[in-house]
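Generate the whole structure from the sequences, applying the supplied hints.
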Amino acid sequence: MSMPRLKILFVVSECVPFSKTGGLADVAGALPLALAEAGHDVRVVMPAYRVAKRYLARQIAA
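Counted the way full-length UniProt numbering counts, the sequence shown spans residues 1 to 62.
No wet-lab data here; the hints were simulated from the structure.
Treat the hints with care, as some may be off.
In silico DMTMM-like pairs for lysine to aspartate or glutamate, Cα to Cα no more than 25 Å straight-line [said to hold, decoys possible]: (1) K7 with D26; (2) K53 with D41; (3) K7 with E37; (4) K20 with D41; (5) K53 with E14; (6) K53 with D26; (7) K20 with E37; (8) K7 with D41.
Right, here's the structure in full:
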């Protein structure tokens with residue numbers, strides 16, 4: 001019997017690779033990826049820090 005596909009929302013204050021001040025960022029970066037690879041619909045929400053906006057702008061431009 002397979003596990004049902006879940007819809008999961010992570011609301012975090014930090015997330016690798018956007019911002020990191022402690023261990024929460026590592027978990028908030030790795031756990032959603034692992035759950036998505038397992039077939040779940042995963043979303044991560046975090047504050048729009050300036051560093052995150054710059055990171056996304058560089059990724060889009062590349």
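These are the hints, each one checked on the structure:
1. Of the pairs offered as hints, the one joining K7 and D26 holds, with about 21 Å between alpha carbons and a cut-off of 25 Å not exceeded.
2. For the hint pairing K53 with D41, the CA-to-CA distance comes to about 23 Å; that is within 25 Å, so the pair holds.
3. Proposed proximity of K7 and E37 is supported: the alpha carbons are some 13 Å apart, at most 25 Å.
4. Note on K20 and D41: the hinted pairing holds, with a Cα-Cα distance of about 24 Å set against a maximum of 25 Å.
5. The suggested pairing of K53 with E14 holds, with an alpha-carbon distance near 13 Å, which does not exceed 25 Å.
6. Taken as a hint, the K53 and D26 pair is honoured in the structure, with Cα atoms around 19 Å apart against an allowance of 25 Å.
7. Using a Cα cut-off of 25 Å, the hinted pair K20 and E37 holds, with the two alpha carbons roughly 23 Å apart.
8. As the CA atoms of K7 and D41 are separated by approximately 5 Å, the hinted pair is consistent with the 25 Å bound.
Taken one by one, the earlier hints all hold for this structure without exception.
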